Amino acid sequence: MSKATNRRRARTVRTWISAVVIMVWCLLPFYWMVVTSFRDVGYTFDTTPWPTHVTLDNYATALSTHWGNHLGQALLNSLIIGVSVTLIALLVGTVAAYALSRYDFAGKGIVMGAIMGASMFPGVALLTPLFQLFTTIGWMGSYQALIIPEISFVLPLTVYTLVSFLREMPWDLEEAARIDGCTPAQAFRKILLPLAAPAIFTTAILAFISSWNEYLISSQLSSDATQPVTVAIASFTGTLPHQEPYTAVMAAGTIVTVPLVILVLLFQRRIVAGLTAGGVKG
Amino acid sequence: MSTQTLGGARRSGDAPHGGEPPRLGLQDAHRRRVRNAWLLIAPTLVLLAVVIGYPIVSAVIMSLEKDPGLDPATGFFVEGGFAGLSNYSHWLLQQCNSSGGPVPCPPGSLGSQFWPSTFTTLFFTAVTVPLETVLGFWFALIMNRAFRGRALVRTAILVPWAIPTAVTAKLWYFIFAVAGIVNSLLGRQILWTSDAWASRFAIVVIDTWKATPFMALLILAGLQLIPDEIYEAARVDGASTWKTFWTITIPLVRPALIVAILFRILDVLRIYDLPAIFGGGNATATWSILVVQQMRQGANAASALSTIVFLFIFFIAFVFVRFLGADLIGRGQKGKDAS
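Top line first, the protein sequences correspond to chains A and B. Position 236 of the first sequence, counted from 1, bears residue number 236 in our numbering, the numbering being contiguous throughout. For our numbering, count along the second sequence from 1 and bump the result up by 282.
Hints were generated in silico from the structure; no laboratory data involved.
Derived DEER-like restraints, expressed as beta-carbon distance ranges:
(1) A:ALA225 x B:PRO509: 55 to 61 Å
(2) A:ILE17 x B:PRO509: 23 to 29 Å
(3) B:ARG536 x A:ALA225: 46 to 52 Å
(4) B:PRO533 x A:THR135: 49 to 55 Å
(5) A:GLY113 x B:LEU404: 23 to 29 Å
(6) A:ARG8 x B:ALA433: 20 to 26 Å
(7) A:ASP224 x B:LEU434: 40 to 46 Å
(8) A:ARG189 x B:ALA331: 25 to 31 Å
A few chain B residues that don't get close to chain A, going by computed Cβ distances all over 10 Å:
(9) ASP310
(10) SER522
(11) TRP528
From a predicted model like this one, the values you see are computed outputs, not experimental measurements. All residues carry an ideal CB built from backbone N, CA and C; glycine is no exception.
This is chain A alone, in the form it adopts within the complex (with noise of 0.2 Å):
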């Protein structure tokens, strides 16, 4: 009997190491950003574990407008560009993805795939054919080059994500609300909407950090006024020239990321059942 406690006393020992070993990997690096970025650029490449030096000026840089950098623009930039595409992906793909969890028809199967496959797409393949048409266009620069191609991804994440939701749905109170005499439009509104508003709320902050995140068509297609954080970090300069602006990217690093990490913190579980939905099925 105390034998078989002393084993299962070992293996949650054992298992406490494991868990402490993960989160130190995976938060070190972000808490090494984080450090850095209130530490005076004196001391830049000091290396004491905790905060020392303390200081809000790499804050200040970074967010200046005075070395040509826009970082508060393009958070504003990254806002827009996020919800408008989010907004569109879940207008056009909360109805397909219901027509697709609800019915049964031919064709299905390839219309999964077709989504699956766009899905799959890589963004260069239609970087160079947009680059061209939106010089032709004079749409270089604006915000509708960013979004339109952001939709190429999103909307296929967006779509699979909430038909492996959908899926689970209690469908028969759809019938019972028939039944009792709703309209088809009012039985999805008034029933299905509000069962599914947690799955489309869980779609919605994955498209919005998917959109976040983009990186490569909007380097190329954007332009200082448009340009996303990821560009405006990507290029950020620093106060000297020909010297790396360690801290001011560090703190400019970390004022992107916070808002993603509040909304990982506040939606742990639902992110975590929204990315595995589209992979794997119960």
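Given the coordinates of chain A, work out where chain B should sit on it, guided by the hints.
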């Protein structure tokens, strides 16, 4: 009623089973649902056709055309025209244009970088995906155990996933700086961001850090589908932990594992952000980077290259779905019908 006639008219080709009245009602209802389903899916398909279909078709067309420019033979400016497969042979067979016809691409030109970039891309894929699979499996096994603080681990591993790749690249650029923390800890002066193999190694480490969480979560979802009773039975039968892992866990988690591996392979084959921002020059120039560099020098050759990449990616996906049984659409085909 009008909807029924419409539905009937659309499917007038397969009329033979229209006789019995009760079946007719059911069939009409079914037809109406099918038509509604297509109406609801149509906006998505139209939008995807515009944002993906149009670019891919025009990329293929562009890849078969010549770049407009000076004709090497006559010296006149020409407007392109049909190029056959010369843009493809430019990359695959290393044939660059010159006044005397095709010659091997000179060293240093973008054309000559095709095979090196192929090596780099495949190297990243071959090294990071197995690493991420093994580490991801370990993460997943830990998170699948019941212990206090499990939610904490799950939140922690979402952090690398949530940080934008652009920020990740900059963050590790600092960590791998010459005077950075890695060199301080090692007591060395390795040029992680410019030396060929050091920068490749750094990118492998960074990509593994960033992508292992996603892998782990997909594998975890697969692990959670395995009923506890099976493990219980194995323990009663006296199977060792090792044997249980190989004969129960691995086979049962295989479908989720294959999908996760496929997702990661496709992601690494199109990798751009990390090497483009982190650095390493030609040593870390992947296919995607080469396309972007080529885009401004000659859009038609760039289109040919992006088409090669796209065909290769679809070939890999096809192999996985066809021969390894990756179930991407899964139960999507077995959704319930309202009737």
